[in-house]
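Participant: Listed here are the chains, written in short residue letters.
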Amino acid sequence: MLMDRGFARVRPLQGGLDAWSDAGYDIEGIEKTG
Amino acid sequence: MMQQLTALLVQYGLVFVFANVFLEQAGAPVPAVPTLMVAGALAVGGGPSLAAIIGVAVLGSLLGDVIWYAAGRIYGMRVLQLLCRISISPDSCVRQTETRFVRWGPVSLVIAKFVPGFSTVAPPLAGALRIKCGRFLFYSALGAALWAGLAAVAGTLFYRQIDWLLGELGQMGVYALIVVGVALALFVAVKWYERRRFFKALRMARISVDDLYRLMQDGAAPVVVDVRSDSAREIDPRRVPGAIAVDLRNLDTALAQVPPDRDIIVYCT
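Those protein sequence lines, which keep their order, are chains A and B. Each residue of the first sequence is one higher than the one before, starting from 475 at the first, in our numbering. Each residue of the second sequence is one higher than the one before, starting from 741 at the first, in our numbering.
So that you can see chain B by itself, here it is in the shape it has in the complex (with noise of 0.2 Å):
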């Protein structure tokens, strides 16, 4: 069995190498770096080259940037509001994508591919910033081929313990991928447990539109804070009448004039 499905491999690699690389920067809880390992060792053992290895891997991550980055340009933040919502990453992950790439620039989907959530979250933040769709397809092929490149030469490095592991996994059998296929249930469960309690308490804890509404109306006068970035605010120039635009880098200096015991409304999105 495990002559047939090292033989697979070295059939198929090249398929199967495009098709998870595409899937995980589409957003799949699928990652691609074993695999991107398996075919380095395998390319050792006389299957398809480094250098083919690493040009579909490229392909396949641009292939699911160029989609997210397209997204980006016709939704703007709206995306990224939807892969949030739907990314099993714990949550304020639009505020860490924006600061990240506030921060390095275009060079940011370079340093996303090496990011668990920050690569699928990237593409679409750069075409809601309408960074330049060259200088976007540039950093994302780079960054794609210095990661998978490494991924791959790491399988080389390593070929004889991936070999003796393929090996053992294909002595074993179906009951391999059970093993796998439970990891991976396992890995995604406690992402979503997670997730459910950040939710939970963000329940408990939030007002809605009405009660603000309300507030205001009786005099209440809550200090509602708008904590967006710069670039947000520059791509969606509204506010809540009233609300402090507030740089989360400059928190002390923003809110010093609010007393503690007032109630604070924020709103990121």
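Chain A with its partners taken away, still in its complex shape (with noise of 0.2 Å):
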């Protein structure tokens, strides 16, 4: 769906957010809105 609306250079992310938490990167936390 990006690379249809031309985006030439889109990258999943190998083993999603749960990878990047397991790697011991800095987790964000999504802020709740309304």
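Source of the hints: derived by calculation from the structure; they are not laboratory data. Idealized CB from N, CA, C, for every residue including glycine. Heads up, a few of these hints could be off.
As the list claims (entries may be wrong) - If you anchor each label on the Cβ, the simulated ranges turn out as follows: (1) B:Ala-792 - A:Ile-501: 51 to 57 Å; (2) A:Ser-495 - B:Ala-768: 30 to 36 Å; (3) A:Arg-483 - B:Phe-898: 49 to 55 Å; (4) A:Tyr-499 - B:Ala-759: 45 to 51 Å; (5) A:Tyr-499 - B:Leu-988: 22 to 28 Å; (6) A:Ile-501 - B:Pro-999: 24 to 30 Å; (7) B:Tyr-933 - A:Ala-497: 30 to 36 Å; (8) A:Asp-500 - B:Leu-926: 45 to 51 Å; (9) B:Arg-946 - A:Gly-498: 18 to 24 Å; (10) B:Trp-932 - A:Gly-498: 33 to 39 Å; (11) B:Ile-975 - A:Asp-500: 19 to 25 Å.
As the list claims (entries may be wrong) - What the simulated footprint calls covered on chain B by chain A, stretch by stretch (three residues with Cβ under 8 Å from a Cβ of chain A suffice, anywhere in the stretch; the number is not a length): (12) 947 to 954; (13) 974 to 982; (14) 999 to 1009.
Mind assembling these two chains? They're in different frames, but the hints should get you there.
Facilitator: Now the structure itself:
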């Protein structure tokens, strides 16, 4: 979908958010709205 | 041999229906609709009644659904990710499942029975989203009854044709089993090949967390996009620093300010 909109360099993050967290990198909390 | 086969089906048909429906709901690639149709056809000839067939089908379906519902309740979205990893359907199923659930709510449990693949992932999603157990059981049972009922009734309507087919298969003997086995194996093989091809393309494109971290440290400033659904973000309210939460239905609006030549890193789990 992103590539259809002209974004040429779209890359999925291997392992997603869990992999990022497991690697020990900083994680932010999502602020609740409404 | 045909008479022996029919006698077996009449004697153990309800057990077979229960087992087949349960295994299919549990995620095994063993379609239950043909079994339900044959059982319906046999009901015309003096086999188990339609009510009994639908009853055991609902029980088998609910048993499979409850197991996955409980898994979703206990382990949350990780169960969905596991299901989609082992599923032989092409991926993005977590995303599609969530979208359907958000759109239709618990009624999607009724619709799920009629959508291949969705029927297995809908119950754990219901558990992960904390749908009340009573509502879950009600809609799951309703969906199972409608789905099994339609298949069984179709069997009663087409009992002559099914009778003929069983007769032909009976004459083929062991070759019938081979034909069915080969057809099933081909189906699984095609789905597996599609899945491998999809993941091969994904592997070539993806970026590791370490490489992303290095890009960020080097000042390359890629645009990180969180494409999880609202419900997934509610269940897991974390994000990669600086990630933009995007609703795929409003992509144009969400990324309007992003130049198309920027690196876009996406995550959906």
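Participant: Against each hint, give a clear statement of whether it holds in the structure.
Facilitator: Tested hints:
1. A beta carbon spacing of about 54 Å between B:Ala-792 and A:Ile-501 agrees with the range 51 to 57 Å that was offered as a hint.
2. In this structure the supplied range 30 to 36 Å holds for A:Ser-495 paired with B:Ala-768, their Cβ-Cβ distance being about 33 Å.
3. For A:Arg-483 and B:Phe-898, the Cβ-Cβ distance of about 54 Å falls inside the hinted range of 49 to 55 Å, so the restraint holds.
4. As the Cβ distance of A:Tyr-499 to B:Ala-759 is approximately 47 Å, the hint placing it in 45 to 51 Å holds.
5. Restraint check, A:Tyr-499 to B:Leu-988: a C-beta distance of roughly 25 Å satisfies the suggested window 22 to 28 Å.
6. In this structure, A:Ile-501 and B:Pro-999 meet the distance hint of 24 to 30 Å, their C-beta atoms being roughly 27 Å apart.
7. Take B:Tyr-933 and A:Ala-497: their Cβ atoms lie about 32 Å apart, and the range 30 to 36 Å holds.
8. The given range of 45 to 51 Å is respected by A:Asp-500 and B:Leu-926, whose C-beta atoms sit roughly 48 Å from each other.
9. As the Cβ distance of B:Arg-946 to A:Gly-498 is approximately 20 Å, the hint placing it in 18 to 24 Å holds.
10. A beta carbon spacing of about 35 Å between B:Trp-932 and A:Gly-498 agrees with the range 33 to 39 Å that was offered as a hint.
11. Between B:Ile-975 and A:Asp-500, the C-beta spacing of about 21 Å keeps the proposed range 19 to 25 Å intact.
12. For the stretch 947 to 954 of chain B, the stated coverage by chain A holds: 6 residues have a C-beta nearer than 8 Å to a C-beta of that chain, and at least 3 were required.
13. Here the stretch 974 to 982 of chain B counts 7 residues with a CB under 8 Å from a CB of chain A, which clears the bar of 3, and the coverage holds.
14. As drawn, the stretch 999 to 1009 of chain B meets chain A at 10 residues by the rule of a beta-carbon pair under 8 Å; at three or more, the given contact holds.
Hint compliance for this structure: no hint is broken.
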